[in-house]
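Colleague: Got two chains here, separate frames each, mind docking them using the hints?
Protein chains in written order, with the working numbering: chain A, 1 to 419; chain B, 420 to 680.
Dumping the calculated BS3-like pairs for lysine-lysine here, alpha-carbon to alpha-carbon at most 30 Å:
1. A:Lys364 - B:Lys590
2. A:Lys235 - A:Lys179
3. A:Lys274 - A:Lys364
4. B:Lys443 - A:Lys364
5. B:Lys439 - A:Lys364
6. B:Lys588 - B:Lys430
7. A:Lys364 - B:Lys525
I should point out that these hints are in silico values taken from the structure, not numbers from a laboratory.
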Amino acid sequence: MSEWLESAITRAQGINDWLTPKRAHALDLLANTKWPTRKTEAWRYTPLRPVERTQAKVMSDKFNLLPVAITDLSAIEVVFANGQFDQAQLAQTLPEGLSIALGGDLNSAQQADALNAFSTIKPERHIFGLINDALAQDVVVVSVAEGVEIAQPVRISTLLSQGSESHTRVQVVLGAGSKLTVIEDVQAQGDSLNTAFVEYDIAAKAHLEHYRFALQTGSNVAIGGSHFNLHDHAKMHSTIIGFGSELSRLDTDIIHAGEFADAKLNAMYLLDGKELFDLHATVEHAMPNGKTEENVRCIVADRARAIFNGRIHIHRDAQKTLAELNNRNLLLSDKAEINTKPELEIYADDVKCAHGATVAQIDKQALYYLQTRGVSRSKAQVMLNFGFINELIDLMPNAALAEWVRPIIRERFAQMEVK
Amino acid sequence: MSNTNSLLTIKDLHASVEEKQIIKGLDLDIKPGEVHAIMGPNGAGKSTLGYVLSGRDSYSVDSGSVTLDGEDLLEMETEDRARAGLFLAFQYPVEIPGVSNLEFLKASVDAQRQARGEEAITSADFLKEAKAACKQVNLPVAFLKRGVNEGFSGGEKKRNELMQMLLLKPKLCILDETDSGLDIDALQIVAEGVNSQRSADRSFIVVTHYQRLLDYIKPDFVHVLSDGKIVKSGDASLALELEAQGYSWLQKEPVEDELEG
Numbered sequence: 001m002s003e004w005l006e007s008a009i010t011r012a013q014g015i016n017d018w019l020t021p022k023r024a025h026a027l028d029l030l031a032n033t034k035w036p037t038r039k040t041e042a043w044r045y046t047p048l049r050p051v052e053r054t055q056a057k058v059m060s061d062k063f064n065l066l067p068v069a070i071t072d073l074s075a076i077e078v079v080f081a082n083g084q085f086d087q088a089q090l091a092q093t094l095p096e097g098l099s100i101a102l103g104g105d106l107n108s109a110q111q112a113d114a115l116n117a118f119s120t121i122k123p124e125r126h127i128f129g130l131i132n133d134a135l136a137q138d139v140v141v142v143s144v145a146e147g148v149e150i151a152q153p154v155r156i157s158t159l160l161s162q163g164s165e166s167h168t169r170v171q172v173v174l175g176a177g178s179k180l181t182v183i184e185d186v187q188a189q190g191d192s193l194n195t196a197f198v199e200y201d202i203a204a205k206a207h208l209e210h211y212r213f214a215l216q217t218g219s220n221v222a223i224g225g226s227h228f229n230l231h232d233h234a235k236m237h238s239t240i241i242g243f244g245s246e247l248s249r250l251d252t253d254i255i256h257a258g259e260f261a262d263a264k265l266n267a268m269y270l271l272d273g274k275e276l277f278d279l280h281a282t283v284e285h286a287m288p289n290g291k292t293e294e295n296v297r298c299i300v301a302d303r304a305r306a307i308f309n310g311r312i313h314i315h316r317d318a319q320k321t322l323a324e325l326n327n328r329n330l331l332l333s334d335k336a337e338i339n340t341k342p343e344l345e346i347y348a349d350d351v352k353c354a355h356g357a358t359v360a361q362i363d364k365q366a367l368y369y370l371q372t373r374g375v376s377r378s379k380a381q382v383m384l385n386f387g388f389i390n391e392l393i394d395l396m397p398n399a400a401l402a403e404w405v406r407p408i409i410r411e412r413f414a415q416m417e418v419k
Numbered sequence: 420m421s422n423t424n425s426l427l428t429i430k431d432l433h434a435s436v437e438e439k440q441i442i443k444g445l446d447l448d449i450k451p452g453e454v455h456a457i458m459g460p461n462g463a464g465k466s467t468l469g470y471v472l473s474g475r476d477s478y479s480v481d482s483g484s485v486t487l488d489g490e491d492l493l494e495m496e497t498e499d500r501a502r503a504g505l506f507l508a509f510q511y512p513v514e515i516p517g518v519s520n521l522e523f524l525k526a527s528v529d530a531q532r533q534a535r536g537e538e539a540i541t542s543a544d545f546l547k548e549a550k551a552a553c554k555q556v557n558l559p560v561a562f563l564k565r566g567v568n569e570g571f572s573g574g575e576k577k578r579n580e581l582m583q584m585l586l587l588k589p590k591l592c593i594l595d596e597t598d599s600g601l602d603i604d605a606l607q608i609v610a611e612g613v614n615s616q617r618s619a620d621r622s623f624i625v626v627t628h629y630q631r632l633l634d635y636i637k638p639d640f641v642h643v644l645s646d647g648k649i650v651k652s653g654d655a656s657l658a659l660e661l662e663a664q665g666y667s668w669l670q671k672e673p674v675e676d677e678l679e680g
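Bound conformation, chain B alone (with noise of 0.2 Å):
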């Protein structure tokens, strides 16, 4: 149900991984602003569609369409669609020993950037800017001297993912089980640092297994994902029914109930 107003439209998706189909036909559209949750039980697809849509080796796209802003998202390399307003928070950030964290941040902000046609930042106004983030998700400072994630306990990665997300102001924010393995104290500011960044020229699409981070973002929208398909579409009440009652009645409905993002 796309239209050119749409963010990002997903139609009729078919990807799979190592030749296994993970998603068998999944159509999803977003408005700017917008914050969609997608939930689902494990091994629905959640995760995989986060890779496809940035373009991991190794996931391939059997049919279907996607584009952001209009632009065939599909066609373009990993790093340009970074560049393009994408935006991946892992739920597992690789650890890179030897690269600081405050090199790596300088590098895809310089990359983006530069992409957009902007002038380059200076060395000095990007540590402060990189100094407030990290106060912002309440990281340490001296993690901008570490190597990337390295060493960094579950919640620190998640915020230091944040952190990334605030520097880099992207159009459409994709958190992969962001609230995976935080405690509330965590959680909350992981929340508090998304709901700071909401804004009418930027969307967010959250996915995660439990109904408790959306007591603290609240979703326009909540689509329960299963078996490679979103089976039903609801407001932020959906995810309370989910709560209640699990994901098993959801996977055994008939297809006519199926509705579109």
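Bound-form chain A, shown alone (with noise of 0.2 Å):
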């Protein structure tokens, strides 16, 4: 066992509050866990060197952290400010239907709902997530009263300040027939370290927006997941941006709990330098009838490394699923590496299902048409790179936001070399 896991349990057990026994039930799991290294096979390409040296320690000041501005979007913000939710920054007054508390505030039986809700969604093999378990400071719980459609997003963002440690945890609850949109966004300065984990539970024909971006993450330790339960006729439309950083890890998994769900995800990560994402994206269509498309692109520069594994599991009973999962990858730099790996798991005999991962260099016919109308070599490569996850950004069921992230990425483009 690490050091700072060590150190993570001893300051978890001094905590006595309303989520005592899920923290106790947590610790006791983590006891049994190894320490992952490269054997271990969901952290094969992820070495937690920078976990075991990092120097990032919990603060209690929030340093009146805001979040950035998203141009032509007014969200209602949730915000984790060094791990403290900041009650300041959020709306005194909500729209109908909608309720956003923290855990420690709601009353017993609320209370009682959350702690019986809460890491039902988020399967236990997610060590991180157990951390999360023992460590959060608290639980916010966003809730949408039943046939309620909630028109603005909600946005969570976790803020941290240079060399600040932070567990932030989230629980979101649709009612049967609701609509909510919610946006996940870290924004950390250097030498931080946080576990960022959100689940959400969707009631029969309700319908989830959600985005999860991690664009300013440079020198952090960024581990998280986002875990999606889907009941009868639910659906979620998800969109994960990522640029990568020291460490970053996301776990999702959308779990088919009802019948004729439907679920989207598109992920795309751009990375450069020496950084590193890993997506780690579950699927379980546990009952028929349900629908799932994935997409994953990335492009990955210089000597950046990019993991996936998408697994879809489809259990005997989970008849007419329909299942597809769609991995493209390209390489700028020969010295850049990807490590993708679709995992189907299909027991029942009645499904569709399709995957396929591809890892090229970019199309020399597109590169070439694009030269014969006088467009040079190199710009033709930035526009091709843009438009491969700009395919993606396209498919935003948000158009402020996708505006608004259109020339984030592009500049991030204009930054990453072709070698």
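Modeller: As structure tokens, then:
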């Protein structure tokens, strides 16, 4: 076991609050979990040295950290500054049918519900999920009442100042037939470490539009997860955009717990320098008639490293499942690295399931075509790389967010050198 | 038979792709304002000529020379050939999802204006021009926002090529089987677009398998390309002759009947 984990466990043992039963359970599991090494399959390409060596410390000061503004988008802001929920940044009045509160502030009935739901969607195999269970300062609970459609997006920002360590946790509960957009965003200054986990329970016929951005992570160690539980006829559309960092690891789990659920996941990451980004996406089709479509695209420049593990598990009863996983990768340098592994486990016989993974250099025909119109080779390369990602940006349901992120990505490409 | 007034002069060109010789001693001379049709059977090297002139990777020139406006074309990068005024309308234009048609057109026009030392065009002015070009080739304006050629029908792709030609205003346009896969209405639109661009300082090479296109785009010269060489040249009436008799009689003709363009 690493020293870092030992100290984390010691710190967690000192916490006594409403989450204590859950924390104790996580600590029990952690006591029997081996610290991952290169031999641990889920961490094979992602060494944990940056965690072992981190100097990041939990800070009690919020340093007036503010989330970056998103042009033309007014969101309901849920802000964690250095791990602490900043109540002052939450709107005084929320739309009818939406409630956002710290678990510790809930009445006893609500708190009992939150406690019961805690860590039921996030699988126990995520070691940092367990660490988050044990160390999260509290849980922010976001819930939408049955049948209510909330037009304004809720943005959950995890903000860290230099050298800060934070563990943030959110539960999002969508009542039957409700609709909500959630944006998860990490903005971290250097040498910080954070774990950020969100669990989504999407009731029958409810619809979640989800975004997870990691665009300001730099030398941050960013570990987290978004975990979704879909009931009958529930729908989700998720977009993940990551720029990588010293260590970025994201686990997503999509669980089809009801029939006729529909999940879409579009993830893209653009890595430069010595950055690393590791996405482990798991889909569990436990019930019949579910539908999943995943598109994961990755561009890796310089000496950066991308890891993608896409697992689709179709259980024996999940007949008539439609599942598709498409992973495409572009390498911009011969020192860049991509490790991709689609895993399909199918135990039902009447399903349609397709997967594909490609690693390629740039499309030479397209490059030639652009050059025949007078566009220089280098500019054409940037255009094609951008196009590769832009295809997924075009699919973002929220136009304001797409327009906001497009120039940020363009800027990123201008910096990424083609070698 | 080049002279200083020529726009394009090709002399004894030999070119190959993946070590297979395709062009085997081709001569052609084109003056400003002329329209030359190149006809020939499949596999004669018609498309290869366009690829070689535009500098496509994997198409290599073994010997011979090509000058555009007196400049050595073969020494230039593909993009510099375009900036020098060469335009190739592809038989099968590439689809580029994620890159919008408008962005692509603007980048092309910007690159060429910059190379000529002209001022950059504003986005608003360019949009106006692009919309007008759309109208001229009968493509809905919405096609500007779509990915380059993405999901376009064969005819739409050809019209998109034509639209690029209208915006780029090249000196020499090579139309590579622009008529293939077009119905008669689409063919007329394309031909009208081409005819509207004919001028004293713009030349065309119209590559086609069939005479039909030449009913609409009247060539000044017709050349027959067979096995990598021009085996016969004539005026527009040669195309009609070919239509009636096919190509086989030409392929068997003795060497002394070869003519230069």
